[in-house]
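Trainee: Residue strings, one per chain:
There are 2 protein chains.
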Amino acid sequence: MAREPATMKWWGWGDESVEFDMASRPALWEYAREVFQFERDPEVRRPVELDSIELPIARVNPAFECDIRRTLAPDQIADDKLSRLTHAYGKSCRDMWRMRRGVVPWAPDRVIFPHQHDEVRAILDLARLHSVHVIPFGGGSNVAGCLEPIVQDERMVVSLDMRRMDRLLRLDPESGVARVEAGALGPRFEEQLNLEGFTAGHFPDSFLYSTVGGWVATRSAGMQSDRYGKIEDMVVSIRMATPAGDIETRTVPRASNGIDVNHLCIGSEGTLGVITEVTLRVHRIPDKKTTRAYLFRNFETGIAAMLACQRENTAPVMMRLNDPNKTALSARFPKARPGSKRFLARALGKYVTGVRRWTPDEICLLLAGFEGSGRQHTRQRRAAESIFKRFGAIGVGAGPGRSFNDGKYDFPYLRDYLFERDILCDVSETATVWSNLMPLYRAVISAMQTAFDAEKTHGWIGCHVSHSYHPGASLYFTFAYVAAQDHQMEQFLRIKKTSLDAFLANGGSLSHHHAVGYEHMPWLESDVSEAGVAAMRALKNGLDPENIMNPGRLTGGFGFERWQTAGLPGK
Amino acid sequence: MAREPATMKWWGWGDESVEFDMASRPALWEYAREVFQFERDPEVRRPVELDSIELPIARVNPAFECDIRRTLAPDQIADDKLSRLTHAYGKSCRDMWRMRRGVVPWAPDRVIFPHQHDEVRAILDLARLHSVHVIPFGGGSNVAGCLEPIVQDERMVVSLDMRRMDRLLRLDPESGVARVEAGALGPRFEEQLNLEGFTAGHFPDSFLYSTVGGWVATRSAGMQSDRYGKIEDMVVSIRMATPAGDIETRTVPRASNGIDVNHLCIGSEGTLGVITEVTLRVHRIPDKKTTRAYLFRNFETGIAAMLACQRENTAPVMMRLNDPNKTALSARFPKARPGSKRFLARALGKYVTGVRRWTPDEICLLLAGFEGSGRQHTRQRRAAESIFKRFGAIGVGAGPGRSFNDGKYDFPYLRDYLFERDILCDVSETATVWSNLMPLYRAVISAMQTAFDAEKTHGWIGCHVSHSYHPGASLYFTFAYVAAQDHQMEQFLRIKKTSLDAFLANGGSLSHHHAVGYEHMPWLESDVSEAGVAAMRALKNGLDPENIMNPGRLTGGFGFERWQTAGLPGK
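Protein chains in written order, with the working numbering: chain A, 4 to 574; chain B, 4 to 574.
Extracted from the complex, chain A is given alone in its bound form (with noise of 0.2 angstroms):
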């Protein structure tokens, strides 16, 4: 059977003809040389082969798989090794330290790969009659654990690849709303969009690998949120096959009919049932797109500007803040051309420390974009400028967003270049509001940084501030260290728990658009309440009494013990 589109490659991130290009960036690697104080270049520790891997031998359950055979074409169902490995894990820190080593103690039994709603309706039927569990799984992508079964049972196990439902069933021009099927990923979706002349406005960070659906089931955010909102505010209807029957909302704007269904589709993770089809506004292609760079004398005062042009309705389509360290990398990001010279290394010259006494290691980055007919644009940039100047920012020009635009989606490719040199690096994500972000901030990166002395480590971390809304935003953090030899999960488990105990304990959201999965599960209820857990729980109780749907996900009262050892090598 031949691969399905844009299929990651199964030991790490993306393309598999496609390695992070270190060597186009020599002031990059000088800067983690610094960072991690290396005395030599670290030696590199390539993946297990492919042939080295065991799966455990596929359960089977006969009258579902003979049913199973009858309903689908042979094309749709797959068994073999590299499918069912595809469909076992995300692409979390976790998972890829595992695949990278061979770890892989439990994989789907089988994957199917359905066509239509139908197909889905009939494939749920048939799952729960012969008790069989089913996975719902988009483009694979996810970084919190949202694939892996970690609460198992002897049932067989289904991974439902969606990727096949790409279609866009319908637009309509005059409302601004598409309706598309859930399993096409990011680019196909934008490609038929485009087509008439129209775009989602939706890119978040995994754009290239995943679906529609899986946006949705996780309350993914993409770069343009401000303009565009989460995909949860652009969801206008839906259509969810659940065991207990096919969910369909209308396409209206707005309703008062009791409780939000949308919403209990929204962010369900896999666990009610699986997301077919989604209605979501669409826009008109914008005539002109730019993003511009900017910087400010410190962390604070970029975020002050943020919340300025948040409050004078005037914001850009995208403002990404970069804290200083975030700032410092992104300056050692793009790839060297001949004769260019580094912007902030440029700006960082004698105006900006002499004339304006900033601290080098205080200056902020924001990048933001700017989207609309020609007047709009210049409106709005011309808006947000005018603020951006009150807070005593210096424009730096087109060139850093032009360098962000071209690598934006580069950078998961660097933890894989980084896991090869033992050294770990993930993310963080979470959102608070506005009085609240410095605090919380600073609570984290001096969380992390004991957490790193404590592990007697050289890290590194930082932040940026994205996703402006009205009551506050997102705090995103990347961190890395240089990983010990022995216990290597352990010692990442423990520094990962860091920055979410910090999250809980100062006032900061789970996360902000990464899911919950198994990895975020011990602190749900800290974050919506025991009673909010209860509603969760009472809804798959309601519409999967079975458990068919993604098993052990959101309600499965999966504690910190079980998520220290879960997947590990030996428990």
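No lab work stands behind these hints: they were computed from the structure.
As the structure is a computational prediction, the values presented were derived from the model and not from experiment.
Virtual Cβ for every residue (Gly too), placed ideally from N, Cα, C.
Check the hints yourself; a few may be wrong.
[As the list claims (entries may be wrong)] To spell it out: a stretch of chain B is covered by chain A in this simulated footprint if at least three of its residues, at any positions, have a beta carbon under 8 angstroms from a beta carbon of chain A; those stretches are:
id, stretch
1, 244-257
2, 436-448
3, 473-487
4, 522-532
[Stated by the list, open to error] Here are the simulated BS3-like cross-link-like pairs (lysine-lysine), alpha carbons at most 30 angstroms apart as the crow flies:
id, chain 1, residue 1, chain 2, residue 2
5, B, K392, B, K500
6, B, K459, B, K392
7, A, K291, A, K411
8, B, K338, B, K12
9, A, K500, A, K411
10, A, K392, A, K411
11, A, K411, A, K338
12, A, K292, B, K392
13, B, K459, B, K500
14, B, K392, A, K291
15, B, K392, A, K392
16, B, K291, A, K392
Knowing the structure of chain A, use the given hints to seat chain B on it.
Mentor: Frame of chain A, contents of chain B only:
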């Protein structure tokens, strides 16, 4: 016991001392004469005397009574006739019709007034322990039958009047969020915010007599929703006491933490628990506010202009487009002022019909509200007016806007005035996508005309479009007709059903902001699908397994047959 603040007259809308002032509106009565083709002024039928009403004897659960009197102060528990009567119904047509005739087959057995969250928690625990029903009561302004437990069992029923829980608990001016107790009536909430320089910007027609918790439980919409959103867009976090425990969410702008728990509480209509505290987005009071009026050639053209405002992101804070009938009504609604001329008469002069050659009975009035700093206000108005101009609109100044603002909370009193004269009057509101606004509008108008004809009565129906969103807007229909002498409610329900059937058959939602109650329940499955209702039922079973809360709502399986007779004499 003293009456609670802002309790409405038991037999009609609003303050006891206020009656609709028809004497100052001779043009309005003249219009009614034309429309309803009176041969002579109809007789006035006053409501029955309070003394003539006999309430059913209060059922008392002695164990609950004993425990609750130990828990609360004596003035927190009422069982007098007026308290029971004013908590029996909302203000729907069916409610008003029955109340005026003294048809009160049901009233709560006790009315309880909690002072804070912990007391609500204790009351629910006792209610669960002793198997007593609890119906949360805000301002009693609902028009969908949200309070009366049509599906009755033998248990005692407590009406939980939330209006003593009316404090602003916290304001975070930087983040623009305010925590308020759910029982605050609109004016009380705004007054506390205004003292700090803030406003919530939520002004539903029921503003004077509805509470924050009622808004959230029913998914209310305010007149300025184009700028400030519907209430569900404003909620940042929530506290809801449920029989299964207290749900509490975090005050964060957005999250990805599974199914959005806020949205399990919003719209739950008292079926899952009692909303006790809410954190809402709030805004600095704008320096300048105006409402201006514009005439459009016809309804389609007005809608096209509203859509253009939406697409070009230059929407005023409010746009309210009347259809020709509603335009005619608006022209006659303001009180006559000595020497003043009616704006429409003036506008309809030579220029509009002579020079522009518009057809008088197609002309539509649009009211647009602008708010902000002086500069923002000017920019907003200029941008909108340049779009209106493109669609051929004629500005008719601030007069109609002033009249609208003067009279905006008077409209419900008119219903009582007409009721007294056996003219039944009601509203039905829905929402749909832009491309379907005109088809849905035409289908509803045509169905209702057919219904009036079938009833052999003179009927009037008007409509306005308001609440613009990216994908569509709301259609708000007002209708009135000369009621038959016999079987008035049966006739009314046939006509009312016509409007709802037309919504559901033509792509509208069941309601845009009036809730489900029991008045809309027979259509709920058509709106959100059988499995959608099953999902709500799952929540109910999980959080309130003993069916303590607001029995029979949302998931009560309330069909047409019961709807047609519910609460009516002899049924």
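Trainee: Could you run down the list of hints and mark each one as holding or not?
Mentor: To see whether the hints hold, each was checked on the structure:
1. 244-257: Result for this restraint: holds, n = 12.
2. 436-448: With 4 residues closer than 8 angstroms to chain A, the stretch 436-448 of chain B meets the three-residue bar; holds.
3. 473-487: holds (count 5)
4. 522-532: holds (count 5)
5. B/K392 x B/K500: Outside the cut-off at roughly 39 angstroms; violated.
6. B/K459 x B/K392: Roughly 43 angstroms separates the two Cα atoms, so the pair is violated.
7. A/K291 x A/K411: holds, 19 angstroms
8. B/K338 x B/K12: The given pair, whose Cα atoms are some 24 angstroms apart, holds under the 30 angstroms limit.
9. A/K500 x A/K411: This hinted pair holds, its Cα atoms lying about 27 angstroms apart.
10. A/K392 x A/K411: holds, 27 angstroms
11. A/K411 x A/K338: holds, 12 angstroms
12. A/K292 x B/K392: The hint holds at about 28 angstroms.
13. B/K459 x B/K500: The hint holds at about 17 angstroms.
14. B/K392 x A/K291: holds, 26 angstroms
15. B/K392 x A/K392: It is violated: about 35 angstroms lies between the C-alpha atoms, which goes past 30 angstroms.
16. B/K291 x A/K392: holds, 26 angstroms
Hint check: violations occur at hints 5, 6, 15; the rest are consistent with the structure.
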